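K.L.:
Dock chains C and A against the given chain V, drawing on the hints supplied.
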Amino acid sequence: MKAKILTGTHYMLGDHACAEGAIAAGCRFFAGYPITPSTEIAEWIARRIPLFGGIYIQMEDEIASITALIGASCGGVKSMTATSGPGYSLMVEGIGLAVMLEVPCVIVNVQRGAPSTGLPTLVGQGDVMQARWGSHGDYEIIALSPNSCQEMFDLTIKAFNLSEKYRVPVTILADEAVGHLREKVVIPPQEEIKIINREKPKVPPEEYWPYVPNENLVPPMAIAGEGYYVHMTGLTHDERGYPDITGEAHEKLVRRLIDKIQKNKKDIIEYEEIMIDDAEIVVVSFGITARAALRAVKEARKKGIKAGLFRLITIWPFPEERIAEISKKIEKFVVAEINQGQIRREVERARLNGVPVIGVHKLGGDLITPDEIMEGIWKKQN
Amino acid sequence: MEKTNSKGFWRKPLDIDKIERKRGIVYIDEELCKGCTFCIEFCPGQVLEKKDKLNSKGYHPPYVKYPEKCTGCGFCERICPEFAIVVEKELVK
Amino acid sequence: MEETKLMEKKVHPLEEYFRKERLPHIWCSGCGLGIAMTSFLYAIKELEIPKEKVAVVSGIGCSGRVAGYVKMDSYHTTHGRAIAFATGLKLAKPDLYVVVFSGDGDIAAIGGNHLIHAARRNMDLTVICVNNFNYGMTGGQFGPTTPLEAITTTTPYGNFEYPFNLPHLAYSSGATFVARWTVLHAYQLRQSIKKALLRKGFNFIEVISPCPTGFGRPNKIGEAIDEMRYYKENSIIRNGIDPKEAELSFRGKIVVGEFVEEERPSFLEIYQKFLKEKGVEK
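Residue numbers (numbering that gives the first Met the number 0), protein chains in the order written: chain V, 0 to 381; chain C, 0 to 92; chain A, 0 to 281.
These aren't lab readings, by the way, just hints derived from the structure by calculation. Please read these numbers as outputs of a predicted model, since none were measured by experiment. Glycine included, C-beta positions come from ideal geometry on N, C-alpha and C. Incorrect hints may appear among the rest.
Taking lysine-lysine pairs in the PhoX-like style, the calculated list, with each CA pair at most 25 Å apart, reads [claimed, not checked]:
#1 K11/C to K49/C
#2 K219/A to K231/A
#3 K275/A to K1/V
#4 K68/C to K19/A
#5 K11/C to K68/C
#6 K183/V to K297/V
#7 K1/V to K231/A
#8 K49/C to K275/A
#9 K9/A to K68/C
To give an idea of the interface, some chain V residues facing chain A are shown, with a C-beta separation under 10 Å as derived from the structure [as the list claims (entries may be wrong)]:
#10 P33
#11 P49
#12 C73
#13 V76
#14 N215
#15 P219
Bound conformation, chain V alone (with noise of 0.2 Å):
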């Protein structure tokens, strides 16, 4: 009998959520290496993969895990690997080389308190702006952040389709409290999942240049042992793929992978707005943090402010055009995280008007209480 996902209604696992949305969206190959609070994960991967034909290995460290997802990504293998903060810091460069070849492939990224070894087993959401910076240059990656287990296995569905659409590392910023959270989660039937597929190229190889862009600004995809002979490396290249070390080549190459997910931005960017049309006070939040922040809100409103809450599903590329639109008929941002003030800054640099921004925070380990963000709605100045 065919494998087949599980559709239904189950009181499920954030984690496993996420790694039945993976199977569901098509992927078939995942390499990594245990960390709390990922590790579910691979374990449920570990068991449901082989039955669809997939393969798991788990690498020696999680350098090799991303290396290994963008080998079998190359042989046109949908691939992921899940892990928390101190293994995504192993990973960074990998996923500049994912970034620079123009591979797909699927991070998810636990996070928990950091930095360092941190805190193992408590929730933090410190690794955004390494998300987006980590590795070194300039380059543009896309990151989402799921709030519910619905959210674990229907984002890591989108991740996997954005991640093809325009052939770039696509980070799930999940944190360990949502990560190991039991919820309900309605899986769909598998006919009813929208799966989008790599472009393939169009011509034979005989005419095929491994990178010349479309019109969205991705090139085609050709994967190994199809007759294309394809060449691919990290360094600057040209359109066939070849080295080319110079300062023009470089302009020209980088300048499409920012392009391509900048220009695109209408199409990646999701985002949720809750009773934003009025308010006066908007509070912005992701993860498990925006579920307290919604409570925070509803409270206000019964108290008579005016609040809203913006929710960030799409964290990069950061959805600075709605916000500027937005902070220009409200009092104040408030801006509730558990960091430092990743997000805090975002909304400060997009905000017009010089609106203020009064940040939540605390630094990891402990949830953000909906009376914490009420103190933070109350509050005149930052």
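P.N.:
Showing chains C and A alone in chain V's frame:
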């Protein structure tokens, strides 16, 4: 003509008319050559020699000094790091 | 009178296997990488393996540039991670012949961990490690295979560290085919590569190459041709010996040969067998 040598064997094989002997012809791409001299040094028949002329990169490419000694073994083609040598075999009349 | 025939209309026998438009390659005069690469391409040609079934993965360094010159699917990855990349590629497409072409620093220093684990798993890969005893691309610094007392730019007083015996390392980690040749043994190297390509499991071939720019000159070995003469005088072929005994000493003997040829189920074989036994349908 001697019929036998000192060991008592015929000097010339009896079927010398039927055997095809091949000789090698060495083609050299002088512009690709980087003057490592591996081919000259390790040719089993010591058939190649350095040319006096320089190529445009300033190296002395080889030339075939003793073409009649070349057996077409192809070692120069295998040992050349630059893809600059092609060896073909032709029949000796 | 000169008897040189020029090559304008002649087609090199390997022409369909390398990217001619990128010649001349960047390697120095006398570098053995060209020979290692041609031996590999001859092996592919003689086995009549279709080009689209071969993938070459390389790391960073002079040896890593091989990927750019072969006319096959080739991947020039980050420093030291070629073996991890090749693992992922092979598992995604098990029908491909995946060959890792890299240098001593890339495979044994930064990539050491990946080397021993891939060998331990008996992953179906062929690794050709070109050993020139230093880090050539960056100008000639010492590495894990630099002999004791050798002079390099970062060991101006002589190397204080012992080098690896790479065949021993690969074998004790679990490789099932281990060989070492110098580039002078171009014929034997080609035969070993042919054998490795047809085998399952982890195949490791160390190729000793001259590096006149990075290693030969500072250590007064002379030009590349002098180093090749040295290989000719001092290399001994010992097939089948224990790799531990395979000496490779500075100004001493160079023991070459096919040291190990064993049979052990490879990663893919075990993977498929266990899943089948447990009733997991593919």
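K.L.:
Next step is simple, just say for each hint if it's right about the structure.
P.N.:
Consistency of the hints with the structure:
| no. | hint | result |
| --- | --- | --- |
| 1 | K11/C to K49/C | 35 Å, violated |
| 2 | K219/A to K231/A | 18 Å, holds |
| 3 | K275/A to K1/V | 15 Å, holds |
| 4 | K68/C to K19/A | 31 Å, violated |
| 5 | K11/C to K68/C | 19 Å, holds |
| 6 | K183/V to K297/V | 23 Å, holds |
| 7 | K1/V to K231/A | 60 Å, violated |
| 8 | K49/C to K275/A | 63 Å, violated |
| 9 | K9/A to K68/C | 22 Å, holds |
| 10 | P33 | 15 Å, violated |
| 11 | P49 | 5 Å, holds |
| 12 | C73 | 6 Å, holds |
| 13 | V76 | 4 Å, holds |
| 14 | N215 | 24 Å, violated |
| 15 | P219 | 15 Å, violated |
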